[in-house]
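S.K.: Top to bottom, those sequences are chains F and Y.
In case it helps, full-length UniProt numbering puts the first sequence at residues 1 to 891.
In case it helps, full-length UniProt numbering puts the second sequence at residues 1 to 149.
By construction, these hints were calculated from the structure, which means they are not laboratory data.
All of these numbers come straight from a predicted model, not from anything done at the bench.
The beta-carbon is built from N, C-alpha and C at its ideal position, and this holds for glycine as well.
Certain hints may be false.
Below 20 angstroms or equal to it, Euclidean Cα-Cα: the simulated SDA-like pairs (lysine to any residue) are [as the list claims (entries may be wrong)]:
#1 Y/14 to F/224
#2 F/75 to F/142
#3 F/304 to Y/84
#4 F/304 to Y/85
#5 F/819 to F/651
#6 Y/37 to F/341
#7 Y/28 to F/75
#8 F/840 to F/809
#9 Y/32 to F/414
#10 Y/37 to F/258
#11 F/354 to F/267
#12 Y/32 to F/57
#13 Y/14 to F/98
#14 Y/25 to F/59
#15 F/354 to F/367
#16 Y/25 to F/54
#17 F/397 to F/341
#18 F/224 to Y/75
#19 Y/37 to F/342
#20 F/175 to F/224
#21 F/43 to Y/99
#22 F/224 to F/169
#23 F/317 to Y/50
#24 F/266 to Y/124
#25 F/304 to Y/71
#26 F/238 to Y/71
#27 F/317 to Y/14
#28 Y/25 to F/98
#29 Y/32 to F/54
Just a few of them, taken from the derived set where beta-carbon distance is under 8 angstroms, the chain F residues facing chain Y [stated by the list, open to error]:
#30 49
#31 53
#32 56
#33 57
#34 86
#35 164
#36 167
#37 227
#38 230
#39 265
#40 268
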Amino acid sequence: MSAFRRDKKEEEEGSGNPFQNIEKTTVLQETRTFNDTPVNPRKCTHILTKILYLLNQGEQLSTTEATEAFFAMTKLFQSRDVILRRMVYLGIKELSAIAEDLIIVTSSLTKDMTGKEDLYRAAAIRALCSITDVTTLQGIERYMKQAIVDRNSAVSSAALVSSLHLTKIAGDVVKRWVNEVQEAVNSDSVMVQYHALGVLYHIRKSDRLAVNKLVAKLSHMSLKSPYAVCMLIRIACKLLEDEDSSGGGSSDSPLFEFIESCLRHKSEMVIYEAAHAIVNLRRTTSRELAPAVSVLQLFCSSPKPTLRFAAVRTLNKVAMSHPEAVTACNLDLENLITDSNRSVATLAITTLLKTGAESSVDRLMKQIASFVSEISDEFKIVVVQAIRALCLKFPRKHSVLMNFLSAMLRDEGGLEYKASIADTIITIIEENPEAKETGLAHLCEFIEDCEHTSLAVRILHLLGKEGPRTKQPSRYIRFIYNRVILENAPVRAAAVAAMAQFGAACPDLLPNIQVLLARCQMDTDDEVRDRATYYYSILETQDKPLANHYIVEGLQVSIPSLERALHQYTMNPTDVPFDMKCVPLAAVPSEEIVNPSAKGGQADGMLISAASSGSKVLAVAATVSREESYAEKLRSVPELVAFGPLFRSSEPVELTESETEYVVRCIKHSFPQHLVLQFDCVNTLSDQLLENVRVEVETPTGYQLVQEIPCPRLSYSETGTAYLVFQFPEELGATVGTFNATLKFLVKDCDPATGLPDSDEGYDDEYMLEDFEVTLGDQIQKVTKANFGAAWEEAGATHCELADTYSLSNMGTLEEAVKNIISFLGMQPVERSDRIPEGKSSHTLLLAGVFRGGYEILVQVKLALAAAVTMQLTVRSTNPEVAELVTSAVG
Amino acid sequence: MAILDNDGNRILAKYYDKNVFATAKEQKAFEKNLFNKTHRANAEIIMLDGLTCVYRSNVDLFFYVMGSSHENELILMSVLNCLYDAVSQILRKNVEKRVVLENLDIVMLAMDEICDGGIVMEADSSALVQRVALRTDDIPLGEQTVAQV
C-alpha cells in the first residue's frame with residue numbers, strides 16, 4: 001500500500017497536480033474497481049476523491065452517469081475503513097442533486113446513524129437528511145429525535161443542522177421535534193447550543209409571541225456560545241423592528257437592554273454584532289448610539305485588519321444618519337487613512353468626509369485620489385456617494401469635487417459605478433445652479449466615449465432638458481450631433497430628441513437644428529428616422545404652443561394603459577379617431593421612488609411609434625403606478641367597468657386601529673363622473689366567519705349611491721373587498737365632504753382549526769369605522785410641466801383666472817406651508833419649486849394638475865413670511881367651476 | 001469557501017447559496033476576479049460584488065471565506081481561521097499546494113465538517129481535525145518523524 005502511495009507521489013513531482021489531466025469518462029470507468037471484493041480502501045478513496053474533485057471543478061454529470069457512479073459507490077459500504085466511509089457520505093451528498101433512486105441507501109445510512117461508531121454517526125445523519133424527502137422522513141423521525149439529544153455534540157449538531165435544512169421541505173415534521181430541540185439548547189457544547197437556537201427560532205418564527213418569550217428567557221440565561229449570542233441579537237433586532245413598524249416599542253424595552261448589555265460581552269464577535277445591530281436599528285437615537293460608537297472606536301485601533309474594517313464600515317453607516325455621533329472618532333479615523341488595507345482606508349476617508357469640516361475637504365480628496373485606482377468598484381461607489389453628500393453639504397466646494405468626479409468618469413469602471421457618478425453629477429447640477437455649466441460640460445465629455453447605452457441616453461435626455469436654459473446652448477449641439485453620427489440606434493434616437501428640445505426652446509438655433517434634423521431623416525434606423533421626421537415637421541410650423549405641447553412637455557399618460565387602450569382600439573375597427581383623453585394620466589412618481597432611468601425613458605415615450613429601446617422597457621416596468629395596479633383590480637369587477645377609465649386612486653386610509661378585530665382600509669377611486677370607495681377588510685378573529693360584508697355610509701348631500709357590491713364571504717386572516725359607487729354631485733362645491741361609515745356583516749361562529757362554520761345560522765353585527773373625507777386632492781391628478789412659464793403664459797390667454805389672498809396663521813415656516821399646500825391640493829410641484837432656498841422670506845410655488853374630466857389646472861402660489869405666512873393664490877383652469885373650487889377649498 | 005492556487009485556479013470551492021453564482025462559470029469568474037484583487041495586497045479583507053471576503057494566504061495557496069455584506073465579519077474570520085488551522089494541522093504545517101492535493105480527501109472532509117449548507121458546523125480546528133479522523137498510522141515511518149518533529 002505504501003508502495004502505491006510512493007509511486008503516486010513520484011508521478012506527482014513531475015506533473016505538479018495529480019488531478020490535472022483526469023477525464024470524466026476514465027474516472028467513471030475506474031468506479032468499477034468499487035465492485036472488487038475485498039474492497040481496497042486506499043484505491044477507492046483515491047478514485048472517489050477524483051470524482052469529487054471533478055464535480056468541484058464544475059464538471060457536469062448526466063443523470064445516468066451519476067446514478068451509475070452512485071450505485072457503484074453503494075458497494076463501498078462493505079468496507080470498514082473510516083475515511084472511505086466518510087468519503088462515501090460526501091459522495092452521496094454531492095450526487096444527491098443529480099442521481100436517481102437514492103432511497104436505496106437509506107437503510108445503510110440509518111444503520112450507521114444508530115451504530116456505535118461516533119465518527120460515522122454525525123456524517124451519516126447529514127448524508128441521510130440530504131437524500132430524504134417528506135415520505136421517507138417519517139421512517140427516520142424516531143432516530144432523528146434521539147440524535148438531537150445525543151450526548152455526543154457532533155451527532156447532536158449534525159442532527160440539528162439537518163433539521164434546519166429539513167424545515168424547508170417538511171416544516172411540520174420538524175415542528176414535532178420541538179421538545180428535543182429545547183433540551184439541546186441547554187447543552188454544554190457551544191455549537192450544539194447555537195444550532196439548537198437556530199432550529200428553535202425557525203420552528204417558532206411565525207409566532208411572534210413565542211419568539212419574544214424565547215428571547216426573553218435566553219437573554220437571562222447567558223449562553224456560552226458566541227455564535228448563539230450573535231444569533232439571539234439578530235432575532236432580538238428583528239423583533240424590535242417589528243415592534244416599531246406596528247407602532248409600539250420604547251427605547252427601554254428589555255430587548256434593547258439585552259443588546260446593549262452584549263456590548264460588554266467578552267467575545268469581540270458578540271460586541272461587534274451588538275454594536276452593528278444598534279447602528280442598524282432604524283429608530284436608534286444618538287443617545288443610544290453613543291455606547292456602540294465608543295466600542296467601535298476601540299476596534300479602530302485593533303491590530304486585526306478585519307476588526308478595523310468591520311468597525312470603520314459600521315461607523316461609515318452611522319455617519320450617514322448621525323454624523324455628529326461619529327465626530328468623537330475622527331482622530332482614530334485619521335490614523336486609518338494610511339492603513340495598508342485599501343478598503344479600510346477608503347471607508348475611513350469617506351466617513352471623515354461625511355463628518356469633517358469644509359476646510360479638510362481638499363486634503364482628504366487629495367488622499368483619495370492617490371489610491372482610487374487600486375480599489376474595487378464597490379468602494380468607488382462608496383466614495384462617489386460620499387462626494388455626493390459632501391456636495392450637498394458644502395456647495396462652495398463643487399469645483400474641486402466636480403473635477404475629481406470627472407477624473408473618475410474617465411477611468412475604467414463598470415456600468416453601476418459609472419451610473420453612480422453620472423447620478424451624482426446630475427444631482428449636483430440640479431441642486432446647485434452654479435455647478436450646472438461645468439457639470440454639463442463634464443457629462444458631454446463623458447458621452448464622447450461612453451460604452452453604456454443606457455447612460456448615454458440618460459445624459460442626452462438631461463442635456464435636452466437643461467441645455468437650452470444655459471447661457472450658450474449652441475455649444476452642446478455639437479456634442480449631441482456627434483452622437484448621431486457615431487452611436488447605435490437608441491443613442492441616436494435620444495440625441496435626436498435632445499436636439500429637438502433645443503430647437504423648441506431656442507428660436508435662434510432653430511434653423512441649424514432643422515438642418516441637422518433633416519439630415520437625420522436619412523438614418524438607417526426606423527425609430528431615429530421617425531423621430532427626426534416628427535420633430536422636423538412640428539418645428540417647421542413655427543407654432544410655439546404646439547412645440548411646447550409635443551416637444552417640451554412630453555406625454556403625460558401612463559404608458560401601459562396607453563398601450564392597452566391602443567390595442568383595444570385596433571381590435572374594433574371604427575372611423576372615430578383615437579381619443580387621447582380617454583387614457584388615464586400617469587401619476588407623477590414621488591421623489592423618493594423615482595428611478596432616474598425611468599425619467600429618461602418617459603421622455604422617449606413621446607414618440608407615436610412604439611419603439612422598443614431598452615430604456616423604454618425599463619421605464620414601463622418602473623412606472624406601473626399605483627393607479628395601474630388598482631385599475632387592473634377594478635377592471636376585474638364587472639359592475640365597475642361601465643364607469644369609464646380610472647382617473648385617480650388615493651393612498652389607503654386606515655378606518656380602524658391596526659390591532660382591532662376587523663381591520664378596514666379605504667381607497668378612494670375617482671372616475672370621470674363617479675366615486676368608487678374600495679374597502680379592504682381583514683378578519684382577524686379565527687373563530688368567526690363573516691358573510692355579506694358591506695359598508696354603510698352616511699352620504700353628504702349631493703352624492704347619490706349608485707351601486708353597492710358587498711364581499712360575500714370573509715374567513716380568518718383573509719382580505720376581502722367591498723365596493724360602494726357614488727355619482728359625484730353636479731355642483732363641484734359639494735364634492736368635498738365627510739363620510740361616516742359603519743361596517744355591517746353577518747357573523748357565523750366557526751371552528752378556528754378548520755374554518756368551517758358551526759351552524760348555518762348567524763347573526764347580524766356592525767362595527768363603527770372612523771370618518772373619512774373626500775377632498776379636492778382625490779379628484780386631481782398630478783402632472784408635470786417641464787416649462788411652467790410657457791404653459792402659464794399660454795393659459796393666461798385661454799383659461800379663466802381666479803386669484804385670492806389668504807393668511808395662514810397656523811403655519812410658522814414657509815416649508816411647512818408649502819408642504820401643506822401640496823398635500824392639500826394634491827397637485828404636482830413643478831420646476832422644483834417645492835424646495836425653498838435657505839434664508840428666504842418669500843417664495844413662489846408652482847403647481848400643476850388635472851381635474852377629473854380632463855380640466856387642466858395651473859396654480860401659482862406666492863408666499864411671504866412675516867409674523868405668519870401670507871399667501872396669494874392664482875388659479876388658471878380651463879373650467880371656471882374648477883378654479884372656483886380650488887380657491888374656495890383653500891380658504 | 002474556496003481554496004485557490006497561486007495562479008488563481010480553483011483547488012476546492014464550495015458555494016452554499018444557489019442564488020449567488022449559480023453556475024460554475026460565474027463562480028470561476030468571480031474567483032479569478034477575487035484573486036486578482038487580493039493576491040498582491042495582503043490585507044485580509046475585501047468587499048467584492050456585494051460580498052464580504054476574508055482571506056489568508058500561505059506559500060502557494062489562498063484561503064477564502066465569503067459571506068453576504070450584512071454578515072458579521074468576525075464570524076467569517078473565525079470560520080477562515082478554523083479552515084486554515086485545520087488544514088494546517090491535517091497537513092502537519094506543510095501548507096502547500098502539492099501537499100493539499102495529496103491529502104485532498106481529508107481536506108474535503110474537513111471543509112464538509114466546517115460548514116453544512118451555509119451553516120457553521122464547527123469553528124474549533126482541533127475538534128474538527130479529531131472529527132475527520134486523520135490516520136497517523138499508515139504514513140511511512142520516515143516521513144512521519146520528519147513531519148512531526
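S.K.: Are the Cα atoms of residue 75 of chain F and residue 142 of chain F separated by 20 angstroms or less?
M.R.: violated, 27 angstroms
S.K.: Would the pair residue 354 of chain F and residue 267 of chain F pass a check requiring their Cα atoms to be no farther apart than 20 angstroms?
M.R.: Measuring from Cα to Cα gives roughly 30 angstroms; hence the hint is violated.
S.K.: When the nearest CB of chain Y is found for residue 53 of chain F, is that gap smaller than 8 angstroms?
M.R.: Residue 53 of chain F check passes; min Cβ-Cβ to chain Y is 6 angstroms, inside 8 angstroms.
S.K.: Do the alpha carbons of residue 14 of chain Y and residue 224 of chain F lie within 20 angstroms of each other, as the hint requires?
M.R.: violated, 29 angstroms
S.K.: Do the alpha carbons of residue 317 of chain F and residue 50 of chain Y lie within 20 angstroms of each other, as the hint requires?
M.R.: Since the Cα atoms of residue 317 of chain F and residue 50 of chain Y sit roughly 16 angstroms apart, the hinted pair holds (cutoff 20 angstroms).
S.K.: When you check the alpha-carbon spacing of residue 28 of chain Y and residue 75 of chain F, does it fall within 20 angstroms?
M.R.: With Cα atoms ~34 angstroms apart, residue 28 of chain Y and residue 75 of chain F exceed 20 angstroms; violated.
S.K.: Verify the proposed pairing of residue 397 of chain F with residue 341 of chain F, using a straight-line Cα cut of 20 angstroms.
M.R.: violated, 28 angstroms
S.K.: Keeping to a limit of 20 angstroms between CA atoms, is the pair of residue 25 of chain Y and residue 59 of chain F held or broken?
M.R.: holds, 10 angstroms
S.K.: Tell me if residue 164 of chain F is really an interface residue toward chain Y, meaning its C-beta lies closer than 8 angstroms to one of theirs.
M.R.: Result: holds, 6 angstroms to nearest chain Y Cβ.
S.K.: Decide if the proposed pair is consistent with the structure: residue 32 of chain Y and residue 414 of chain F, CA atoms, cutoff 20 angstroms inclusive.
M.R.: Distance ~17 angstroms between residue 32 of chain Y and residue 414 of chain F Cα, so the pair holds.
S.K.: Holds or violated: residue 265 of chain F as interface residue toward chain Y, Cβ cutoff 8 angstroms?
M.R.: violated, 12 angstroms
S.K.: Check the hint pairing residue 266 of chain F with residue 124 of chain Y against an upper bound of 20 angstroms on the C-alpha distance.
M.R.: holds, 18 angstroms
Checked against the numbered hints above, the structure violates hints 1, 2, 7, 10, 11, 17, 20, 22, 27, 36 and 39; every other hint is satisfied.
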